[in-house]
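Residues per chain are reported as follows:
Number of protein chains: 2
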Amino acid sequence: MSLIEQNQIGFALSAQSDERISAINPSNGETLPGRFSVATPTEADKALQIAQTAWKTYRNCSGKQKAAFLRAIAESIEAIGDTLIQRAVQESGLPEGRITGERGRTCGQLRLFAQLLDEGSWVEAVIDPAMPQRQPLPRPDIRKMLVAMGPVVVFTASNFPLAFSTAGGDTAAALAAGCPVVVKAHESHPGTNALVAAAILNAARKTGMPEGVFSTLYGRGNDLGKWLVEHPMTKAVAFTGSFRGGKALFDLAAKRPEPIPVFAEMGSVNPIFVLPEIMAAQTTPLAQQLAASVNLGAGQFCTNPGLIICLENEYTPAFETALRSAFAQHPAATMLNKSIYENYSQSSASSIREKGVKALVGEDNNAKPFLARPLLAKVQEKDFLKNPRLQEEIFGPFSLLVLCKSPRGMQKVASILQGQLTASLMGTDKDLRASRPLGELLQEKVGRLIYNIVPTGVEVGHAMQHGGPYPASTDARFTSVGTGAIRRFVRPLAFQNCPQRLLPPELRDSNPLRIWRMVDGLYSKKKVNHA
Amino acid sequence: MSLIEQNQIGFALSAQSDERISAINPSNGETLPGRFSVATPTEADKALQIAQTAWKTYRNCSGKQKAAFLRAIAESIEAIGDTLIQRAVQESGLPEGRITGERGRTCGQLRLFAQLLDEGSWVEAVIDPAMPQRQPLPRPDIRKMLVAMGPVVVFTASNFPLAFSTAGGDTAAALAAGCPVVVKAHESHPGTNALVAAAILNAARKTGMPEGVFSTLYGRGNDLGKWLVEHPMTKAVAFTGSFRGGKALFDLAAKRPEPIPVFAEMGSVNPIFVLPEIMAAQTTPLAQQLAASVNLGAGQFCTNPGLIICLENEYTPAFETALRSAFAQHPAATMLNKSIYENYSQSSASSIREKGVKALVGEDNNAKPFLARPLLAKVQEKDFLKNPRLQEEIFGPFSLLVLCKSPRGMQKVASILQGQLTASLMGTDKDLRASRPLGELLQEKVGRLIYNIVPTGVEVGHAMQHGGPYPASTDARFTSVGTGAIRRFVRPLAFQNCPQRLLPPELRDSNPLRIWRMVDGLYSKKKVNHA
Numbered sequence: 014m015s016l017i018e019q020n021q022i023g024f025a026l027s028a029q030s031d032e033r034i035s036a037i038n039p040s041n042g043e044t045l046p047g048r049f050s051v052a053t054p055t056e057a058d059k060a061l062q063i064a065q066t067a068w069k070t071y072r073n074c075s076g077k078q079k080a081a082f083l084r085a086i087a088e089s090i091e092a093i094g095d096t097l098i099q100r101a102v103q104e105s106g107l108p109e110g111r112i113t114g115e116r117g118r119t120c121g122q123l124r125l126f127a128q129l130l131d132e133g134s135w136v137e138a139v140i141d142p143a144m145p146q147r148q149p150l151p152r153p154d155i156r157k158m159l160v161a162m163g164p165v166v167v168f169t170a171s172n173f174p175l176a177f178s179t180a181g182g183d184t185a186a187a188l189a190a191g192c193p194v195v196v197k198a199h200e201s202h203p204g205t206n207a208l209v210a211a212a213i214l215n216a217a218r219k220t221g222m223p224e225g226v227f228s229t230l231y232g233r234g235n236d237l238g239k240w241l242v243e244h245p246m247t248k249a250v251a252f253t254g255s256f257r258g259g260k261a262l263f264d265l266a267a268k269r270p271e272p273i274p275v276f277a278e279m280g281s282v283n284p285i286f287v288l289p290e291i292m293a294a295q296t297t298p299l300a301q302q303l304a305a306s307v308n309l310g311a312g313q314f315c316t317n318p319g320l321i322i323c324l325e326n327e328y329t330p331a332f333e334t335a336l337r338s339a340f341a342q343h344p345a346a347t348m349l350n351k352s353i354y355e356n357y358s359q360s361s362a363s364s365i366r367e368k369g370v371k372a373l374v375g376e377d378n379n380a381k382p383f384l385a386r387p388l389l390a391k392v393q394e395k396d397f398l399k400n401p402r403l404q405e406e407i408f409g410p411f412s413l414l415v416l417c418k419s420p421r422g423m424q425k426v427a428s429i430l431q432g433q434l435t436a437s438l439m440g441t442d443k444d445l446r447a448s449r450p451l452g453e454l455l456q457e458k459v460g461r462l463i464y465n466i467v468p469t470g471v472e473v474g475h476a477m478q479h480g481g482p483y484p485a486s487t488d489a490r491f492t493s494v495g496t497g498a499i500r501r502f503v504r505p506l507a508f509q510n511c512p513q514r515l516l517p518p519e520l521r522d523s524n525p526l527r528i529w530r531m532v533d534g535l536y537s538k539k540k541v542n543h544a
Numbered sequence: 014m015s016l017i018e019q020n021q022i023g024f025a026l027s028a029q030s031d032e033r034i035s036a037i038n039p040s041n042g043e044t045l046p047g048r049f050s051v052a053t054p055t056e057a058d059k060a061l062q063i064a065q066t067a068w069k070t071y072r073n074c075s076g077k078q079k080a081a082f083l084r085a086i087a088e089s090i091e092a093i094g095d096t097l098i099q100r101a102v103q104e105s106g107l108p109e110g111r112i113t114g115e116r117g118r119t120c121g122q123l124r125l126f127a128q129l130l131d132e133g134s135w136v137e138a139v140i141d142p143a144m145p146q147r148q149p150l151p152r153p154d155i156r157k158m159l160v161a162m163g164p165v166v167v168f169t170a171s172n173f174p175l176a177f178s179t180a181g182g183d184t185a186a187a188l189a190a191g192c193p194v195v196v197k198a199h200e201s202h203p204g205t206n207a208l209v210a211a212a213i214l215n216a217a218r219k220t221g222m223p224e225g226v227f228s229t230l231y232g233r234g235n236d237l238g239k240w241l242v243e244h245p246m247t248k249a250v251a252f253t254g255s256f257r258g259g260k261a262l263f264d265l266a267a268k269r270p271e272p273i274p275v276f277a278e279m280g281s282v283n284p285i286f287v288l289p290e291i292m293a294a295q296t297t298p299l300a301q302q303l304a305a306s307v308n309l310g311a312g313q314f315c316t317n318p319g320l321i322i323c324l325e326n327e328y329t330p331a332f333e334t335a336l337r338s339a340f341a342q343h344p345a346a347t348m349l350n351k352s353i354y355e356n357y358s359q360s361s362a363s364s365i366r367e368k369g370v371k372a373l374v375g376e377d378n379n380a381k382p383f384l385a386r387p388l389l390a391k392v393q394e395k396d397f398l399k400n401p402r403l404q405e406e407i408f409g410p411f412s413l414l415v416l417c418k419s420p421r422g423m424q425k426v427a428s429i430l431q432g433q434l435t436a437s438l439m440g441t442d443k444d445l446r447a448s449r450p451l452g453e454l455l456q457e458k459v460g461r462l463i464y465n466i467v468p469t470g471v472e473v474g475h476a477m478q479h480g481g482p483y484p485a486s487t488d489a490r491f492t493s494v495g496t497g498a499i500r501r502f503v504r505p506l507a508f509q510n511c512p513q514r515l516l517p518p519e520l521r522d523s524n525p526l527r528i529w530r531m532v533d534g535l536y537s538k539k540k541v542n543h544a
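First to last, the sequence lines map onto chains A and B.
All letters in the first sequence, in the order written, are residues 14 to 544 by the numbering used here.
All letters in the second sequence, in the order written, are residues 14 to 544 by the numbering used here.
A few of these clues could be false.
If chains are identical, the list can't say which one is meant, so a pair holds when it fits in one copy or spans any two.
[Said to hold, decoys possible] With a straight-line cut-off of 25 Å between C-alpha atoms, the simulated PhoX-like cross-links for lysine-lysine are:
(1) 260 <-> 239
(2) 538 <-> 418
(3) 368 <-> 418
(4) 418 <-> 268
(5) 77 <-> 260
(6) 268 <-> 239
(7) 399 <-> 77
(8) 399 <-> 538
(9) 77 <-> 368
(10) 395 <-> 540
(11) 443 <-> 69
(12) 268 <-> 351
(13) 443 <-> 539
(14) 351 <-> 399
Hints in this document: simulated from the structure, not taken from any laboratory.
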């Protein structure tokens with residue numbers, strides 16, 4: 014499959030500007046083939062104009078039609094075969110096994126949303142039938158369900174070139190909801206984007222979707238992002254990346270004449286609380302598990318554990334030694350791109366210069382460009398409590414061990430934490446019983462509370478919550494992973510006293526789609542019977 | 014019951030400042046008894062500090078406990094008896110029958126939320142049990158449910174001194190969700206607020222709720238509102254009122270170090286499309302129905318129909334005449350307060366000076382202070398399309414008839430409308446069949462689409478959607494009326510690999526509360542069985 018270098022705007026290719034971007038292979042610093050056309054304001058406008066037009070028909074597609082589209086996307090992605098895997102490996106520096114697994118996840122989540130649409134109950138149909146005899150006033154017939162909000166702009170993430178990118182979770186959720194998508198391609202993997210975008214558009218053609226249901230554009234710097242977020246036809250924005258990037262988009266969106274929601278998943282430090290009994294009993298396996306989680310994918314996960322909090326007692330030196338030796342076993346690893354590498358080098362280096370922080374592994378961090386060395390440091394509770402900089406995320410294989418004088422100290426550390434995607438409690442039964450107040454406190458801080466597992470590895474299912482209190486996400490009421498992610502792009506629409514034939518099938522008395530509905534306050538799949 | 018003139022902060026009374034406010038009876042301009050203490054920054058801080066402390070226990074109260082609290086509030090409000098009705102009548106100028114009905118609605122919605130809590134499924138429990146054998150990786154056990162976000166600040170509305178005020182829908186929804194509430198009392202009805210707040214606190218004492226679960230404060234101007242919205246412990250804001258007020262709070266909240274959601278219901282013009290066959294066939298009853306809806310409660314409803322759109326044909330003159338005579342039958346009515354009266358006088362007067370607008374009823378608008386005269390005007394499609402000011406809400410008994418040259422013209426008018434709480438289609442079966450594209454278009458613009466009923470009268474039920482695309486509301490994904498309103502104040506929290514005994518009852522295998530849950534993608538009330 015040849016590489017499309019133009020912007021893909023609906024079913025057309027467009028290259029108005031002479032400005033081009035190319036990808037760099039982070040493993041060797043070489044420029045990869047492909048000169049991708051940087052989009053102009055006119056091209057950005059065109060993508061959203063046709064998205065808006067597409068929305069008018071796409072939002073009325075049945076669940077079956079949208080499901081067929083999502084499944085066709087998965088098939089088209091798989092049909093690219095090894096070309097896609099190789100390109101994503103070259104553009105990300107991630108190993109082939111990881112990318113192959115990520116393709117499986119990407120197609121898996123497209124198919125999971127297709128299942129959700131086939132089943133159909135996700136629209137949350139609620140029916141309060143008329144009560145003409147009610148006193149003092151009759152009750153009118155009111156029915157509501159979730160409907161698509163309009164065109165969605167997706168900002169892709171560098172750390173998952175497939176699963177959080179062009180056809181990733183945000184795109185899958187928005188398309189499932191009935192919203193056309195405009196993807197801003199990531200500058201780190203434009204080739205991967207071009208291949209996947211072509212696959213999506215192939216699938217759109219095959220399944221008869223309207224032109225404009227999907228477009229992708231290339232940009233450099235912040236211009237394109239600004240045009241897309243400020244475009245009056247954009248109704249929501251999804252973003253996965255840094256706090257700075259997510260916050261900038263949030264601020265732009267809030268200042269629009271019509272403010273729109275920005276779902277920015279901005280990462281966090283995902284603290285792990287190691288409780289005393291397990292620290293003494295499982296010293297080495299625990300240390301290895303933690304070191305593996307911190308170093309997975311060169312630490313480039315939003316759920317990477319950047320803080321390990323434990324008690325300082327007679328078992329702590331052994332735990333510290335075990336962590337040091339477990340960290341030392343992990344080699345330096347290639348990072349996704351130059352700016353991520355530079356950020357990691359600088360922020361990890363400045364972290365170990367903070368007051369009271371002592372490097373345990375990796376103090377000598379002069380690795381080769383793009384290679385990140387694992388870094389483990391430690392600090393005392395009192396210094397941690399005084400220094401909010403120590404809880405800022407360092408994207409990469411870095412973790413800070415916080416040594417507390419008492420269980421109360423661990424509680425204090427928990428109490429000053431900012432909002433987090435996750436927190437983990439590592440403990441024996443006895444530990445967990447003794448630490449219930451800590452667990453209670455962590456519930457206030459996180460989107461996902463984990464027991465005796467590391468936070469890396471985000472399951473794509475119905476129960477997943479990937480999104481936590483600010484600043485982990487801009488909106489903790491929603492998840493960016495799992496089927497719940499569809500809710501970000503819909504709003505309830507009520508019909509009052511509407512004739513049956515004008516109602517969407519989901520709300521008709523006969524329940525032709527056989528979905529779960531709340532009728533008069535009770536859940537059922539039954540038809541509505543009028544007394 | 015004597016009138017408490019201090020701020021009610023938890024179970025304590027507080028009057029740090031000498032500044033006082035009093036209420037004016039809009040029916041006669043007289044100052045009513047009661048000098049209510051204006052809150053200081055210290056008092057505002059205190060209310061939120063104790064709300065935060067209360068949250069830590071209140072969020073863990075069972076559904077039954079919270080339901081008992083809500084029912085006790087309803088009983089305490091009813092126990093105030095005629096004192097409350099009389100005070101609310103004096104402070105609002107609304108007739109006694111209306112206030113008595115509103116008390117019924119207020120207590121009714123508290124009890125409806127209590128029912129929702131008793132039933133318990135509103136927490137949207139989702140369980141994906143572990144699959145240890147899954148390939149290529151085992152699936153961990155993940156479970157999630159909705160949990161309370163934290164202290165909520167409620168801004169009360171003048172037009173519903175009970176149902177959208179101190180113990181109104183926002184307070185009921187937030188308390189039901191598990192969030193303590195701090196109410197900024199409305200300057201128009203401080204006495205009603207004092208009585209209802211005391212009833213809430215009585216109920217809190219009786220049912221053993223923590224101090225700080227409810228507080229109310231008095232303020233003048235914007236200072237108190239700003240302190241409350243900017244307070245770091247505030248986690249969400251609910252507001253019903255003007256666009257200017259709602260937008261100001263939204264902007265304040267977006268600029269906080271930790272941005273928080275503002276649910277502002279800012280009203281709209283609620284267009285009514287009168288289709289041609291019904292206009293000819295039902296001329297007089299339709300005109301009377303519309304005039305009654307525009308004049309209900311002196312037009313002081315967020316769902317008041319401010320636009321009536323019809324075709325200009327041989328039947329239009331008769332419809333216009335019928336509307337004129339129906340409007341003329343409605344007497345001038347007392348408005349809620351001086352500023353609302355002045356706003357109505359000015360904005361209705363300037364509306365009929367806009368290009369092409371002609372007053373049909375009420376051109377001579379020099380009524381007595383606080384008395385609003387019904388005003389009906391008309392304009393041609395072409396002038397309406399050119400002038401966005403003509404679709405701004407005029408709060409009061411005002412409506413603008415828009416005469417269109419063709420069905421396409423009606424469609425054009427619909428297409429330029431801003432987001433609305435509601436739109437209504439009045440039509441025979443034949444009309445509605447012929448106007449499907451218009452119905453489709455209106456779905457994009459509104460939260461509630463109504464057929465052959467006027468928009469005033471907002472049912473408090475499960476299916477109600479009260480909230481529409483911006484600028485009708487700041488967040489169209491939520492409703493401020495009905496049981497769905499609880500969702501504004503919660504967020505999902507996931508537990509991964511959590512021991513059974515540490516899980517909330519809603520998520521335990523045994524389903525001790527017998528609630529509906531989604532288990533492995535299927536809805537049921539069953540226990541979770543492990544294979």
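Evaluated hints:
When the C-alpha separation of residue 260 and residue 239 is checked against a cutoff of 25 Å, the pair qualifies both within a copy, at 13 Å, and between copies, at 22 Å. Taking CA atoms no more than 25 Å apart as the test, residue 538 paired with residue 418 passes in neither setting, with 56 Å inside one copy and 46 Å between copies. For a Cα distance limit of 25 Å, the shortest separation of residue 368 from residue 418 inside one copy, 18 Å, qualifies, whereas the shortest one across copies, 76 Å, does not. Taking the shortest Cα distances, residue 418 and residue 268 never come within 25 Å of each other, neither inside one copy (46 Å) nor across copies (38 Å).
Taking the shortest alpha-carbon separations for residue 77 and residue 260, neither the intra-copy value of 36 Å nor the inter-copy value of 40 Å comes in at or below 25 Å. Taking the shortest Cα distances, residue 268 and residue 239 sit within 25 Å of each other both inside one copy (12 Å) and across copies (19 Å). Proximity of residue 399 to residue 77 under the C-alpha cut-off of 25 Å is found in neither arrangement, the shortest distances being 55 Å within a copy and 42 Å between copies. When the C-alpha separation of residue 399 and residue 538 is checked against a cutoff of 25 Å, the pair qualifies neither within a copy, at 56 Å, nor between copies, at 48 Å.
Taking the shortest alpha-carbon separations for residue 77 and residue 368, neither the intra-copy value of 59 Å nor the inter-copy value of 50 Å comes in at or below 25 Å. With identical chains, the CA atoms of residue 395 and residue 540 are never at most 25 Å apart, being 63 Å at best within one copy and 46 Å at best between copies. With identical chains, the CA atoms of residue 443 and residue 69 are at most 25 Å apart between copies only, with a shortest distance of 24 Å across copies and 58 Å within one. Taking the shortest Cα distances, residue 268 and residue 351 never come within 25 Å of each other, neither inside one copy (32 Å) nor across copies (32 Å).
Within a single copy, residue 443 and residue 539 get their C-alpha atoms no closer than 48 Å, and across copies no closer than 30 Å, so neither meets the 25 Å cut-off. Within a single copy, residue 351 and residue 399 get their C-alpha atoms no closer than 32 Å, and across copies no closer than 52 Å, so neither meets the 25 Å cut-off.
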